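In order, the protein sequence lines correspond to chains A and B.
Going by numbering that gives the first Met the number 0, 148 is the number at position 149 of the first sequence; the sequence numbering is gapless.
Going by numbering that gives the first Met the number 0, 198 is the number at position 199 of the second sequence; the sequence numbering is gapless.
These are computed hints drawn from the structure, not numbers from a lab.
A portion of the hints provided could be inaccurate.
[As the list claims (entries may be wrong)] Below 30 Å or equal to it, Euclidean Cα-Cα: the simulated BS3-like pairs (lysine-lysine) are:
1) B:K99 <-> B:K131
2) B:K408 <-> B:K327
3) A:K12 <-> B:K265
4) B:K221 <-> A:K12
5) B:K595 <-> A:K223
6) A:K54 <-> B:K99
7) A:K221 <-> B:K511
8) A:K110 <-> A:K99
9) A:K194 <-> B:K221
10) B:K99 <-> B:K132
11) A:K12 <-> A:K339
12) B:K595 <-> B:K638
All values derive from a computational prediction rather than experimental measurement.
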Amino acid sequence: MIKTLLARVREFKVPSILTPVFMVGEVFMEVLIPLLMASLIDNGINGNNGEGDLKHILIVAGLLVVCCVISLFAGAGGGKFGAVASTGFAKNLRKDMFHKVQEYSFENIDKFSTASLVTRLTSDVTRLQDAYQMILRIAVRSPITLIFSLIMAFSINAKISIVFLCAIPILAIGLALIMTHAHPVFERVFKRYDKLNSVVQENVSGMRVVKAFVREEHEIEKFKGVSGAIYDDFCYAEKLLAFNGPLMQLCMYGGMIAISWLGAQFIVVEGTLTTGELMGIMTYAMQILMSLMMLSMIFVMITMARASAERVCEVLNEESTLKDPEKPVTEVRDGSVCFKDVSFAYKKGGSLALTDIDLNIKSGETVGIIGGTGSSKSTLVQLIPRLYDVTEGCIEVGGVDVRKYDIDTLRNEVAMVLQKNTLFSGTIKENLRWGNAEATDEEIIHACKLACADSFITTFPDGYDTYIEQGGTNVSGGQKQRLCIARALLKKPKILILDDSTSAVDTATDAMIRKAFREEIPDTTKFIIAQRISSVQDADKIIVIEGGKINGIGTHEELLSSNEIYKEVYYSQQKGGDDNG
Amino acid sequence: MADKRKKEQEQAPPIAMKGGGMRGGPRVVGKVGKPDKATVKRLLGYIFKDYKLHFFFVLICILCSSLAGVAGSLFLETLIDDYITPLIGVDSPDFSGLLKVLCVMGVIYLVGMVSTFLYNRIMVTVSQGVQKKIRDEMFENMQYLPIKYFDQRTHGDIMSHYTNDIDTLRQMLSQSIPQAFSSLITIVSVFIAMVTTSVYLTIFVILSIMGMMFVTGKIAGKSGKYFVGQQKSIAEVNGYIEEMINGQKVIKVFCHEDTAKEDFDKLNEELCLNAREANTFANILGPINNNLGHIQYALIAVLGGILAVNKIGGLSLGGIAAFLQLSKSFTMPVNQISQQINYIVMALAGAKRIFALIDEKHEDDNGYVTLVNAKHNLNGEIEETEEHTGLWAWKHPHENGTTTYTELKGDVVLDMVDFGYTEEKMVLHDISIFAEPGQKIAFVGSTGAGKTTITNLINRFYDIADGKIRYDGININKIKKADLRRSLGIVLQETCLFTGTVMENIRYGNLKATDEEVYAAARLANADDFIRRLPQGYDTMLTENGAQLSQGQRQLIAIARAAVADPPVMILDEATSSIDTRTEAIVQMGMDSLMKGRTVFVIAHRLSTVQNSDVIMVLEKGRIIERGNHEKLISEKGKYYQLYTGMFELD
């Protein structure tokens, strides 16, 4: 995991190394400064036999200022490089994750939920950025301060410094005890926070349901339950943490009293210590304990960041389940499609979504697919542009196994209009150019005419430059579907797949689109999934799917006479006059 | 995704284009106002109201603890000057004095420690308690806000009150306030000690600290600018990530990965730059403050030395040494406070937003007519009763003190209703509808024609601008909203399920429903079959709005949920839009039995769903342009006829 993460430092190695170096510089000065301060008192103010040595004061003060300036630059430099390194690290993480996700297959995408991917790319990365910065700046700094201060203290007076050797383990053990007890509680608290957020989230998005059923009080109860649990856990964990301060004080104050007592003995009886040195040791004592405190904080932070690191690494280490073949075929001969004994399961060993599918579609044919909710219609067509790989059997497009094609080549020739389709924020033109970045305005208008989209686009005040909101919220469902079809048409594909893509379009327009397809792109193989019989009844072949199996294939007339399901659907729609989707 | 968006659009009135406010009219974004006195006062009010004693005790403890700290830093001087130095050179030094003073110090420290411990612990209770209270109040109040409030804000904005704002508040309550307070005590006591030692040097310290504050302020101001930039960049990057990841499959289908990468890299780079600057300034603040403190120390030594040598201000050398120590104890808490100020300002801004939510006005409810269980007494009159009889009545108290009971039948009348989401723009004009009990009323029309809006007026999600709506002859403004809504069952366009089992989700319609009643409702909605085939049947946990179910299955559960509520009036808003036609036919049967004897308002895209309605209203641009039953409308050869024959588009 650490290796995966560290590999993302890349061009920010230099600042990553410089940060601790500068921090060490700052620590040096910080250790030096108390020495100078002690000297200022001992030899300056109390110098000259207690008369005060102004010259010495000036020299030492000058030195002190120099040290401070160095320390300031070192500290600021450390801060600067720390910022550069950590934000750069975060940038690379985000970049690598985003790029990785772009390489994911549909199977990979299905594995992570959209929301979780977004969190991983956003808040988890931010948490890692903070942790990385902490580590670079403090994790190096604190132990060094600790060691330096210890050395200095020992060099002043070894005997008295033994006090530290008693205090440090007490503090360390105490802190460790508190942390180990508090940590699991904190983890639980974070989970509860997620729960709280999800209650609020659901409540806000379901507010109309809540109000419609007059469930306000019920919701409040639910919320208070979670809120109360957070309160209990948080109180427990923070009360444990409340031991931190007194423990620290115990070590500090205890140490001070011990040092005072011992110091007095050394000064008075043995004469091995001066008062200035005693003050110096006190300062180091403070620094030692502070750095221990910092270390314990870092410890907490790292454990918290660990969860984020794991989630980020999961994304980075996820291998795309689809790989380009070694010697990819880069040309699709024609739009013929052939399914040979195809079976498919979404999960390995899971139940089969498709079983024993055999199909032979000639180039230029129009194929209609009919079936109930959950009958795997979409699954069937998603295998053609290799959005998923078959579990058994093989699919050939243009006489070549789809797994032998260069994926981009295949997908450029097999245009698919997804059921759950999306427009992106940008103008209509920009959205349409997704199909073909180089498309001329004429080509765009032509595609839109084919998809019967031109007529409504031209009624917009800004025409083709109309801005589409994120998700296409400012066009109606039927308009969106036609834009999506036009977008796919711009690819000039050999195979066009419409997955329930005209459900919100009225029958007349639907018929016009199909007519345009027939006349304008006769060589393109067309797959049309629909719930309306009228959308498919003039297709060359109609496939009836039921429970992941082919229930019948034939023309409208053939199926009407031989296929029970088809008949049933047909008559239910006839009777209901369901011509309007 | 695509169809969800579409639904969001139709359901939400035009002022709430979630995810973008370009065309959306007034959209209220969480404002970052300046924290004011009122906010501070109110926040403190939370503490004082419930935790007066706690807080008082905390103050005392902080006082003890800080004084112990101050005593500690002053102690060293006295120790050396009064107890160690006099002993130097003495033949048989008497350590008893030292021992005594150390014992005294020990006791003082002990008191300090205990106080620290106590105030930390009590503060946990106080800060967590206040947080819980604020959180609960916020949520509680939110439940009673008008739908309009939610229309005008994105979910993200509302959520951030519960996450970011509360979080900064937690920071402030549990850390910043106690620390600021203890720093303040330290500052005051050290300041007194300093003044008594040397007035001149104190003036110098004050001046130099003002200088430091100035520098800090400059840097903080700069960093603030970059932090705003960083925040903006983060929002942009997050928005981009969200849009792209949501459309990831489309990206793949169009081989658009490289462009997505390029655009992302640009935004990411910009974020990195802003974050770098912001962090840099935040990082260098500490070293600058520290070292300015050190420099100040050196300057005091020099100045003090000059003063002492020239015998100005009666300063002794020991005094300088003491003063130096004091100045150190003085600068540290000042720095601490200046570092806490950022947090405090942030938290107060958050608190202000939270209070704004708590203060948001509840939806008006001046209704006094309530829904009660009723039974017929011997005279055939309606009488209020405690037990559930299946018969409901409107209890209508009148001004003259009498109370009348009207049987709940489901008679709904809209009389010349006008409505607009904003005052400037009316979306419904002159809508008159007469729905008799047991009738099925259908609305047909394109997106934005106002179909959903009409149903939202009946259950008073919004209040009408002009005209009247009567329910069983009673003006709905007189009916208590909760009771009005209880009498209306509704299946919404956008299915919302809650985290919980299938059973719990259906029972949401009627919390008192028995398991049997839940099963019956599910059977009615034709949902029983697929529910039983789920891994844990009715106990299957649904998460993320029932992500593991298909759109159609979720709609079936929503229908079952409405069915279990068993209301006299039902509103079905595109309730079967995602169900395939065969399944719909079966659900329709269940629905028909559900609708029997009820007044039903149906909005549907498929004309087959509404064909057997008693009255079909064709809406266009907020007006009813045709009304009548199927046969009548067909024979009129108007818009409905065009729609029916597929000559006209409906989206």
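Status of each hint after checking the structure:
no., hint, result
1, B:K99 <-> B:K131, "violated (48 Å)"
2, B:K408 <-> B:K327, "violated (81 Å)"
3, A:K12 <-> B:K265, "holds (22 Å)"
4, B:K221 <-> A:K12, "holds (27 Å)"
5, B:K595 <-> A:K223, "violated (39 Å)"
6, A:K54 <-> B:K99, "violated (39 Å)"
7, A:K221 <-> B:K511, "holds (16 Å)"
8, A:K110 <-> A:K99, "holds (14 Å)"
9, A:K194 <-> B:K221, "violated (37 Å)"
10, B:K99 <-> B:K132, "violated (49 Å)"
11, A:K12 <-> A:K339, "violated (53 Å)"
12, B:K595 <-> B:K638, "holds (29 Å)"
Violated hints, listed in ascending order, are 1, 2, 5, 6, 9, 10, 11; each of the other numbered hints is respected by the structure.
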